[in-house]
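Trainee: With chain A held as given, fit chain B onto it using these hints.
Protein chains in written order, with our numbering: chain A, 1 to 186; chain B, 187 to 646.
Certain hints may be false.
Stated by the list, open to error - Distance windows between CB atoms, simulated:
| id | chain 1 | residue 1 | chain 2 | residue 2 | range |
| --- | --- | --- | --- | --- | --- |
| 1 | A | 181 | B | 240 | 38 to 46 angstroms |
| 2 | B | 588 | A | 24 | 43 to 51 angstroms |
| 3 | B | 524 | A | 175 | 53 to 61 angstroms |
Honestly, the hints are just simulated from the structure, not real lab data.
Ideal Cβ positions, reconstructed from N, Cα and C, are used throughout, including at glycine.
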Amino acid sequence: MTQLLALSDAIDGVLDRIAKASGWIYFALIGVICWDIITRKVGFQIPGFGSTPIQELEWHLHGMLFMFWLGYAYVRNVHVRIDVFTAGLPARRLAWLEVLGVFLFAIPYCIVATWFAFEFAHLSFIQNESSDAPNGLPYRWIIKAFLFLGLVLLCASVVSVLLRRFVFLFGSDELAARAMPSASAH
Amino acid sequence: MYDWIADHLAVLMFAVLTVIMFVGYPVAFVLGGVALGFGVLGIIFDVFHPAQFFALIPRIWGQAVQNQVLIAVPMFVFMGTMLERSGVADELLRALQVLTRRIPGGLAMSVTLMGTIMAASTGIVGASVIMLTLVALPTMLQRGYSKELSVGTIASAGTLGILIPPSIMLVIMGDLMSVSVGTLFTASIVPGLILSGIYVVFIGILAFVRPDMAPPLEATSGPQGSVELLRMVLRSFLPPAFLIFVVLGSIFGGFATPTEAGGAGCLGAILLAIWNRRFNLATIRAVIESAALTNALVFFIIFGATLFSYVFRALGGDDVVAEILKALGIDSGWEILVFVMLLVFIMGFFFDWLEICLIVLPIFAPILKLVDFTPHLAANKDFLVWFLILTAVNLQSAFLTPPFGFALFYMKGTVPPSVTMQHIYRGIIPFVGLQVVAVVVCLVWPETILWLPRRFGFLD
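Chain A on its own, in the form it takes in the complex:
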């Protein structure tokens, strides 16, 4: 039990660090958008790096930004839930519902999405796919690999959430309180 909780904490820690580090992409994205506006209004562009690759860079950056936060958002429990009828249930029953949800929805979703995302990036790599635009960004597989990576982190977050509920439901009182401090408080 203690090891399971330690593993969950470790996963959360890794997700936290990756998310926080990748959060700085926000500033890069703002910078790139502003750069694009200024260069186009002024009419000066770095030769060979005009508006097309810059605008592609925008969605590349945005893709990385949100994909690294998907799993972290689950661990932090910010994903939207319709909990009008379940919010008042006892903590143990909520934990059971979460376990049920993980097995019914999250695990099939994660397995299928991660698998196909791998195929998707792999295919792009084999074909050495580039942008459709003549002067767009090359190496499309890089950003596609980030989709796969983001989904792997999402899988990790599902494992962490599941472990935490497991320790909460079957561990000693002391471990349960450490697994889910907020639920044990009341």
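Mentor: Showing chain B alone in chain A's frame:
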């Protein structure tokens, strides 16, 4: 029986989704999980091909990742969050309070104005109502405002923010229905102003007739001399107001796409934070974390909803919906419009706009593209713009209508114990009445929605 199920899998899918969402598991996972489950069922019933699973990731890719329009969402969220966390928003609220202190009900009016500006930072109605409740309710109660008026003002202001630009709901609606976001932004201005206008007038009249419900602030609060007042306006009111004006103006004037305006708006918000001497590492970290989490929750639902509508469509959902509407005797444009509006209204009791827009709009989009409204609308091509803004206005009242109203649940979870559900219901009823007026106005006179975008040349 077998054939019936095979033909109606899409309807079952919609029904199952609606029921299961109430279990309280994250909606994004439920959408994806239900989509996969019905994909497998479709294979069993021989109406879905296993190879179609290969299209799932490319769909998500095209909808959520390789999408220039939707980059406006994280930009507006960041802009709002930066204004909020750097104290610019607080100072704006204080400046508004001082400026309106001699007007009856000024404090409530400043909350209405504030809510429309700040909603972008939270992205969704639930969070926006919680934020406004935390920021504004204690002050209002402390100044002797009645509980009913306080909660009514806050809940209506929190939901109004999703309609008035920069609204990320309009960005997503426009992207889903292939309508330009600039058009939707301009189209929402007049209805938004009508709504906030009648709220402000209502608050003013109420405060005049019943001063006990909205006592005026003492004239001694805030700066006294006109120099001091002028400094406050220059420092706290003008900069953020100018920022919002530039961001929206550049979109309306056609100088910038919403994504560009959002990026420039972020830069402006950063500059304001520096000007406010609050641009430090702690603020930056808090802004990034809050904005990136909001952005992730929005895009994860887009992931799930994309999977859901793909499988729904692959199972023949479009035909089934058309068939059911016909069986119900709903085939003229008005009947379809009223049906969709009612559906959206009922869903608004329980779901935030993200789920409603991302699930309902793709389902009805093919039918809506066929209806003809020419006698009522000058040109039928403007139908979608009118329809989407009408939906947005309709959602306002859906979120607030007792006994369920989505925004009310969130409010109840945040208010101090002295404010009961009774206060919330009583406080919200006049605002719902005003919203119904706005919906009717937009229905009867489509020009309230279409006039401004036409003036700016968006409808040519």
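Trainee: All hints are to be evaluated individually against the structure, with a verdict given for each.
Mentor: Now the hints, each set against the structure:
At about 43 angstroms, the beta-carbon gap between residue 181 of chain A and residue 240 of chain B stays in the expected band of 38 to 46 angstroms. A hinted range of 43 to 51 angstroms holds for the C-beta pair residue 588 of chain B and residue 24 of chain A, which are about 45 angstroms apart. In this structure the supplied range 53 to 61 angstroms holds for residue 524 of chain B paired with residue 175 of chain A, their Cβ-Cβ distance being about 56 angstroms.
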